[in-house]
Amino acid sequence: MSQWGVVEFVSRVAERMSTASEDLAAQLARHRPATPDDLATVSLEALFPPVEPSPAFVEALRRQLLEAPPMVPAEMAEAPTSTTRRVVYGIAALGSLASAAVIAVVVYRARFAPQRPAA
Amino acid sequence: MKGARLRVVNGEPDEVLAIRARTDREAFGILYERHVRRVYNYMYYRTGSVADAEDLTARTFFQALNNMHRYQVQGVPFSAWLFRIAHNLVANWHRDTGRHHTISTDGIVDLPTDADGPHDTAEMEEERRELHAALRRLPADRQQLLILKYVEQLSTEEIAVIMGRSEGAIKALLHRTIKSLREELSRTKRGG
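Listed in order, the protein sequences are those of chains A and B.
With the first letter of the first sequence counted as 1, position 98 gets the number 98 in our numbering; the numbers rise by one all the way through.
With the first letter of the second sequence counted as 1, position 47 gets the number 47 in our numbering; the numbers rise by one all the way through.
Among the clues, some could well be false.
Unchecked claim - Pairwise CB distance ranges, derived in the manner of DEER restraints:
1) Asn92(B) to Arg62(A): 23 to 31 Å
2) Gln64(A) to Glu127(B): 38 to 46 Å
3) Ser166(B) to Ser99(A): 45 to 53 Å
4) Ser96(A) to Asn66(B): 36 to 44 Å
5) Glu52(A) to Gly11(B): 19 to 27 Å
6) Ile103(A) to Arg25(B): 52 to 60 Å
7) Glu67(A) to Gly168(B): 40 to 48 Å
8) Arg62(A) to Glu125(B): 34 to 42 Å
9) Glu52(A) to Glu125(B): 21 to 29 Å
To be verified - In silico SDA-like pairs for lysine to any residue, Cα to Cα no more than 25 Å straight-line:
10) Lys179(B) to Thr156(B)
11) Lys171(B) to Pro50(A)
12) Lys179(B) to Arg128(B)
13) Lys179(B) to Glu45(A)
14) Lys171(B) to Leu44(A)
15) Lys171(B) to Leu138(B)
16) Lys171(B) to Ala46(A)
17) Lys171(B) to Arg182(B)
18) Lys179(B) to Pro49(A)
19) Lys171(B) to Glu184(B)
20) Lys171(B) to Arg84(B)
21) Lys171(B) to Glu183(B)
22) Lys179(B) to Gly164(B)
23) Lys171(B) to Glu152(B)
24) Lys171(B) to Pro49(A)
25) Lys171(B) to Leu185(B)
26) Lys179(B) to Arg136(B)
27) Lys179(B) to Ala46(A)
28) Lys179(B) to Arg165(B)
29) Lys179(B) to Leu44(A)
30) Lys179(B) to Ala169(B)
31) Lys171(B) to Glu45(A)
32) Lys171(B) to Gln143(B)
33) Lys179(B) to Glu126(B)
34) Lys179(B) to Arg137(B)
In short, the hints are calculated from the structure, not lab data.
All residues carry an ideal CB built from backbone N, CA and C; glycine is no exception.
Build out the structure end to end from the sequences listed, making use of the hints.
Written out as structure tokens, the structure is:
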């Protein structure tokens with residue numbers, strides 16, 4: 001077979017394969033039954049036409065967003081620093097010591113305070 | 001994420017812009033322009049009111065702006081992340097206002113029809129109203145699912161992220177919702 005013969009043969013095979021696959025796709029499309037999903041899509045998409053926001057709203061919100069002050073990430077704002085943590089622990093420790101002292105005084109008085117003679 | 005779609009308009013995909021938007025307000029502005037209409041549309045159909053839709057749309061974008069540093073590119077498309085914020089805000093709104101039947105009726109009156117005559121037009125209008133009434137009787141999560149799927153045309157994968165469920169659960173819920181909608185409509189027809 002000459003070179004042109006081979007080229008022509010390959011081109012014809014390619015064309016047939018392409019036509020066959022297009023036919024198959026078309027047949028599949030024709031014979032594929034409409035699924036409930038297809039029907040739902042048609043009905044529901046028709047039921048909910050796209051609703052556009054007013055251009056004034058879009059522009060105003062865009063301006064507000066672009067001009068809003070930079071925010072500190074929430075977790076950084078909320079996370080206590082090591083200094084804050086130390087102060088909080090210190091206050092808690094002092095509170096505990098004070099409570100313990102009050103309890104000790106009450107117990108001491110109850111045990112060792114001079115008892116008044118009964119009238 | 002497998003099958004994640006990158007939204008590319010005017011150059012950079014959403015996910016690249018989202019990283020830049022942590023420090024670059026203009027990048028956030030581009031993301032806003034790309035998504036504001038879809039978020040508004042979603043809010044409108046979830047609240048049934050222009051004023052509430054505007055308020056919740058604004059809150060969605062401000063919350064997104066303040067939380068850009070939390071957005072992780074791996075795994076979640078930006079649109080799904082944004083709609084998850086919108087979903088949480090509208091869920092809180094429903095909880096606070098105690099409203100459940102949210103699908104707006106405003107849009108259905110002016111729909112164009114392909115009907116041939118006045119009788120067909122009236123019949124189609126009646127069918128739409130029945131479908132609408134059936135939709136309003138659905139539980140809130142099913143209404144939400146239908147809006148995300150058929151109004152916002154999000155993928156099952158994105159809806160799964162937004163609603164915090166697996167893709168399989170979303171597919172099953174969609175199937176059950178459409179089936180129950182059909183049953184509800186045939187009951188209405190038989191009854192009327």
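Results of checking the hints against the structure:
1. Asn92(B) to Arg62(A): 23 to 31 Å: holds, 24 Å
2. Gln64(A) to Glu127(B): 38 to 46 Å: holds, 42 Å
3. Ser166(B) to Ser99(A): 45 to 53 Å: At roughly 52 Å between Cβ atoms, Ser99(A) and Ser166(B) fall inside 45 to 53 Å, so the hint holds.
4. Ser96(A) to Asn66(B): 36 to 44 Å: Taking Cβ atoms as reference, Ser96(A) and Asn66(B) lie about 38 Å apart, which means the hint holds.
5. Glu52(A) to Gly11(B): 19 to 27 Å: The hint (19 to 27 Å, Cβ to Cβ) holds, given that Glu52(A) and Gly11(B) are roughly 24 Å apart.
6. Ile103(A) to Arg25(B): 52 to 60 Å: holds, 58 Å
7. Glu67(A) to Gly168(B): 40 to 48 Å: holds, 44 Å
8. Arg62(A) to Glu125(B): 34 to 42 Å: With Cβ atoms ~38 Å apart, the hint holds.
9. Glu52(A) to Glu125(B): 21 to 29 Å: holds, 23 Å
10. Lys179(B) to Thr156(B): Cα-Cα ~18 Å, so holds.
11. Lys171(B) to Pro50(A): Answer holds: Lys171(B) to Pro50(A) is near 24 Å, not above 25 Å.
12. Lys179(B) to Arg128(B): holds, 17 Å
13. Lys179(B) to Glu45(A): Between Lys179(B) and Glu45(A) the Cα gap is close to 17 Å, so the pair holds against 25 Å.
14. Lys171(B) to Leu44(A): holds, 17 Å
15. Lys171(B) to Leu138(B): holds, 17 Å
16. Lys171(B) to Ala46(A): The given pair, whose Cα atoms are some 22 Å apart, holds under the 25 Å limit.
17. Lys171(B) to Arg182(B): Holds, at roughly 17 Å.
18. Lys179(B) to Pro49(A): holds, 23 Å
19. Lys171(B) to Glu184(B): holds, 20 Å
20. Lys171(B) to Arg84(B): holds, 18 Å
21. Lys171(B) to Glu183(B): holds, 18 Å
22. Lys179(B) to Gly164(B): Since the Cα atoms of Lys179(B) and Gly164(B) sit roughly 22 Å apart, the hinted pair holds (cutoff 25 Å).
23. Lys171(B) to Glu152(B): Since the Cα atoms of Lys171(B) and Glu152(B) sit roughly 16 Å apart, the hinted pair holds (cutoff 25 Å).
24. Lys171(B) to Pro49(A): OK: Lys171(B) and Pro49(A) at ~24 Å, within 25 Å.
25. Lys171(B) to Leu185(B): Given that 25 Å is the threshold and the Cα spacing comes to 21 Å, the pair holds.
26. Lys179(B) to Arg136(B): With Cα atoms ~15 Å apart, Lys179(B) and Arg136(B) stay inside 25 Å; holds.
27. Lys179(B) to Ala46(A): Holds: Lys179(B) and Ala46(A) sit about 19 Å apart, inside 25 Å.
28. Lys179(B) to Arg165(B): Roughly 20 Å between the alpha carbons, so the hint for Lys179(B) and Arg165(B) holds.
29. Lys179(B) to Leu44(A): Given that 25 Å is the threshold and the Cα spacing comes to 14 Å, the pair holds.
30. Lys179(B) to Ala169(B): Roughly 15 Å separates the two Cα atoms, so the pair holds.
31. Lys171(B) to Glu45(A): Holds - the C-alpha atoms of Glu45(A) and Lys171(B) are around 18 Å apart, at most 25 Å.
32. Lys171(B) to Gln143(B): OK: Lys171(B) and Gln143(B) at ~14 Å, within 25 Å.
33. Lys179(B) to Glu126(B): holds, 20 Å
34. Lys179(B) to Arg137(B): holds, 14 Å
Hint compliance for this structure: no hint is broken.
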